[in-house]
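Chain order of the listed sequences is Z and C. The opening position of the first sequence corresponds to residue 1 in the numbering used here, with each subsequent residue numbered one higher. The opening position of the second sequence corresponds to residue 553 in the numbering used here, with each subsequent residue numbered one higher.
Keep in mind that a hint or two might mislead.
Derived DEER-like restraints, expressed as beta-carbon distance ranges [stated by the list, open to error]:
#	chain 1	residue 1	chain 2	residue 2	range
1	Z	535	C	670	40 to 46 Å
2	C	690	Z	349	47 to 53 Å
3	Z	361	C	690	41 to 47 Å
4	Z	13	C	670	23 to 29 Å
5	C	690	Z	318	39 to 45 Å
6	Z	535	C	649	39 to 45 Å
7	C	690	Z	404	57 to 63 Å
8	Z	13	C	676	20 to 26 Å
9	C	630	Z	13	50 to 56 Å
10	Z	529	C	690	24 to 30 Å
11	Z	192	C	630	28 to 34 Å
Hints listed in this document are in silico derivations from the structure and should not be mistaken for laboratory results. Please read all numbers here as calculations on a predicted model, not as lab measurements. Glycine included, C-beta positions come from ideal geometry on N, C-alpha and C.
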Amino acid sequence: MSKPKRIIELNPHGIALLSGDEAIALAALHCGVTLGTGYPGTPSTEILETFADLGGNAQWAPNEKVAAEVALGVAFASGRTLLTMKHVGLNVAADVLFTAAYSGVTGGYVLVCADDPGMASSQNEQDTRRYAVAAGVPMLEPSDSQEAYDFTGLAFEISERWQIPVILRVTTRVCHSHSSVHPHRKFTEPLKPGFVRNIPERVMVPAHARPAHRRLRKKLAEIEEWNVENGPNWTIPGSENLGLIASGVAAMHALEAAPEAALLKLGMTHPLPMKLIRDFAANYKRCVAIEEGDPYLNDALRAAGIALEPRLESYRFGELNVNRVRHLLAGGEEPQTTPPRGKPPQLCEGCPHRSTFSVLKELDCIVAGDIGCYTLAAMPPLQAMDTQICMGASIGVGLGMRHTLPEEQARRVVSVIGDSTFLHSGVTGLIEMAYNTPATGHVVIIVDNGITAMTGLQEHPGTGRALDHSRAGRVVPEEIARALGIPNVQVFNPVKELDRFKQELQCALESGMLSVFVARQPCILAFGKIKAYEKAIAETAGDCACAQPVAE
Amino acid sequence: MEAINIKIAGLGGMGVLSASHVLAETLFLAGYDVKKAEVHGMSQRGGSVASDIRFGTRILSPMIPVGEVDFLLALAPEWVDLHRAELRPTGRLLTPDSVAGLANSRSLNVALLGALSRFLLIPETVWHAALAKAFPEKLHASNLAAFQLGREGKGPHLQ
Numbered sequence: 001m002s003k004p005k006r007i008i009e010l011n012p013h014g015i016a017l018l019s020g021d022e023a024i025a026l027a028a029l030h031c032g033v034t035l036g037t038g039y040p041g042t043p044s045t046e047i048l049e050t051f052a053d054l055g056g057n058a059q060w061a062p063n064e065k066v067a068a069e070v071a072l073g074v075a076f077a078s079g080r081t082l083l084t085m086k087h088v089g090l091n092v093a094a095d096v097l098f099t100a101a102y103s104g105v106t107g108g109y110v111l112v113c114a115d116d117p118g119m120a121s122s123q124n125e126q127d128t129r130r131y132a133v134a135a136g137v138p139m140l141e142p143s144d145s146q147e148a149y150d151f152t153g154l155a156f157e158i159s160e161r162w163q164i165p166v167i168l169r170v171t172t173r174v175c176h177s178h179s180s181v182h183p184h185r186k187f188t189e190p191l192k193p194g195f196v197r198n199i200p201e202r203v204m205v206p207a208h209a210r211p212a213h214r215r216l217r218k219k220l221a222e223i224e225e226w227n228v229e230n231g232p233n234w235t236i237p238g239s240e241n242l243g244l245i246a247s248g249v250a251a252m253h254a255l256e257a258a259p260e261a262a263l264l265k266l267g268m269t270h271p272l273p274m275k276l277i278r279d280f281a282a283n284y285k286r287c288v289a290i291e292e293g294d295p296y297l298n299d300a301l302r303a304a305g306i307a308l309e310p311r312l313e314s315y316r317f318g319e320l321n322v323n324r325v326r327h328l329l330a331g332g333e334e335p336q337t338t339p340p341r342g343k344p345p346q347l348c349e350g351c352p353h354r355s356t357f358s359v360l361k362e363l364d365c366i367v368a369g370d371i372g373c374y375t376l377a378a379m380p381p382l383q384a385m386d387t388q389i390c391m392g393a394s395i396g397v398g399l400g401m402r403h404t405l406p407e408e409q410a411r412r413v414v415s416v417i418g419d420s421t422f423l424h425s426g427v428t429g430l431i432e433m434a435y436n437t438p439a440t441g442h443v444v445i446i447v448d449n450g451i452t453a454m455t456g457l458q459e460h461p462g463t464g465r466a467l468d469h470s471r472a473g474r475v476v477p478e479e480i481a482r483a484l485g486i487p488n489v490q491v492f493n494p495v496k497e498l499d500r501f502k503q504e505l506q507c508a509l510e511s512g513m514l515s516v517f518v519a520r521q522p523c524i525l526a527f528g529k530i531k532a533y534e535k536a537i538a539e540t541a542g543d544c545a546c547a548q549p550v551a552e
Numbered sequence: 553m554e555a556i557n558i559k560i561a562g563l564g565g566m567g568v569l570s571a572s573h574v575l576a577e578t579l580f581l582a583g584y585d586v587k588k589a590e591v592h593g594m595s596q597r598g599g600s601v602a603s604d605i606r607f608g609t610r611i612l613s614p615m616i617p618v619g620e621v622d623f624l625l626a627l628a629p630e631w632v633d634l635h636r637a638e639l640r641p642t643g644r645l646l647t648p649d650s651v652a653g654l655a656n657s658r659s660l661n662v663a664l665l666g667a668l669s670r671f672l673l674i675p676e677t678v679w680h681a682a683l684a685k686a687f688p689e690k691l692h693a694s695n696l697a698a699f700q701l702g703r704e705g706k707g708p709h710l711q
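Same shape as in the complex, but just chain Z:
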């Protein structure tokens, strides 16, 4: 634990007003988490930042899969670990989760996964509840900041009691809404870290994994039983005409939209407490599940033979609110309303990405794009990006187009990827480029603004600074490209050296030489902060005779 930068003040009643993200961080601190790790992603980013500010030990990993592996090592060593990511990050980390469910853990392993129904800041609205079922891990769903705090502690308790990873599924409105939290600190004590050899449960070769899968299913059966008897679920009695079943923030909308109805509010939604739900549903003439996203409760409950009113397909899309729940309960088609849209976001005035993309537009490039602020270049007036799918996809997609398009078009294809995104999952794409080189060659442009800008200016391995902005190792993208044998690797300032950048790009496209261009200029929002961080590092190094300067 380092010295806290922030202390959460409580009012005279022992209560603080916290966001869901802050509440999770505070609970992690009170649970004695050894290490928090993850990759930034809205709306989950503030969890680890707050945890670090409160004095917790937290770090950003290059991507969610690595974070999930580091976290697993912590839990194998009997430490408690808090792993955070947004919903799409779990696609990257899924490989770890599915087999960690088999191996089990010793120390508490809590994966906080933040879904974004309505896609306030995401490329899809996938539903993490499906992952809990697919991987076979328990899942808790808080509905406000108090539950975010309570359920984080409960997740560690469940994880250690059944030696299993636990998902804490949150959504944008839980992460970013503020509400009262009474931080009671009533959590179980962490274990003492230490190595215990257990090859049959830690080495998942088929001979070990077969019994491990049976153990997992047995654990889930026990957890379901516990969830029925003692799970974090509660009932509000109401009219015999209407019984509602809900979890997460949807339960709050439901309570407000139908105060006369009875409500079964589920805190643990995998494994579902089916007996509890069945007993509840039997009491009401009409029973409706209120949920955002996929019809997870609807499908599971109806498959179990519970007489649930079917949900209209329109409620699969977007986030719920009180008005939509009222419509849902009134029945009939949902009225199509367009919420106020206002002004869409755009690349900042003075953003270095603007010059880079203006060149790509001028040269009529076919641009395979990626995830970050620069995706805004796809919008008018630039409209200089042609594809965007997921983290790191720009390079693979660009290569696939090069392999397939008629030569004249293939020669215009470039892949554009940000610095943090490149280190997250672009490196393997670059290996593919060096290995399966298209006949027309290829050009990758790394738009390096020196920070993870989109999610709110987080550090990454390329910045040379840790999550708390102290000195860390530094990974240099152009050195990776050179090490892979890419013949034409150049670094430009996209603002000051625009002409040279344009000439070299034209030349690379025509020659077909494999090229990696790094367009390096700090994010305009981060510029002052980066200077301040570096100044602070230099001052600290001055105080400490053993500190070594980091080579450029």
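Chain C: place on chain Z using the hints.
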């Protein structure tokens, strides 16, 4: 008591989020159950930002239902039309016109909180405490002045 709902709307960088933070903190310090909902993420890229603040005895949904906004604080005139439909028939609109005579437009968010404070039964000292907590010391004097300007209602008659 029934929930009272306040929406603050504007553009990223106008101070929507800091105003909603001060307001929520004030209501919390005054002893109410408070919920505040806002969508972060794209707000730094110059897009629209809106924040919902609800307070009362017990608040359920963190988001204000459409048509139930009691006070709409619009930091620029274009956000009035965008959110007008969300106001209750009896809802009040507070715009830059409500705080005419403001010396520094960067304090508009705080001045609008001053204008709002006339309608909420919260001791002035609580507002001052929340403002002092939320901003660096060098801004305290100018914030206090902007808050007073809004609170004293020197601007045109409120709509």
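Q.
Hint compliance check: list the failing hint numbers for this structure, sorted ascending.
A. Hints 2, 9, 10, 11 contradicted; others consistent.
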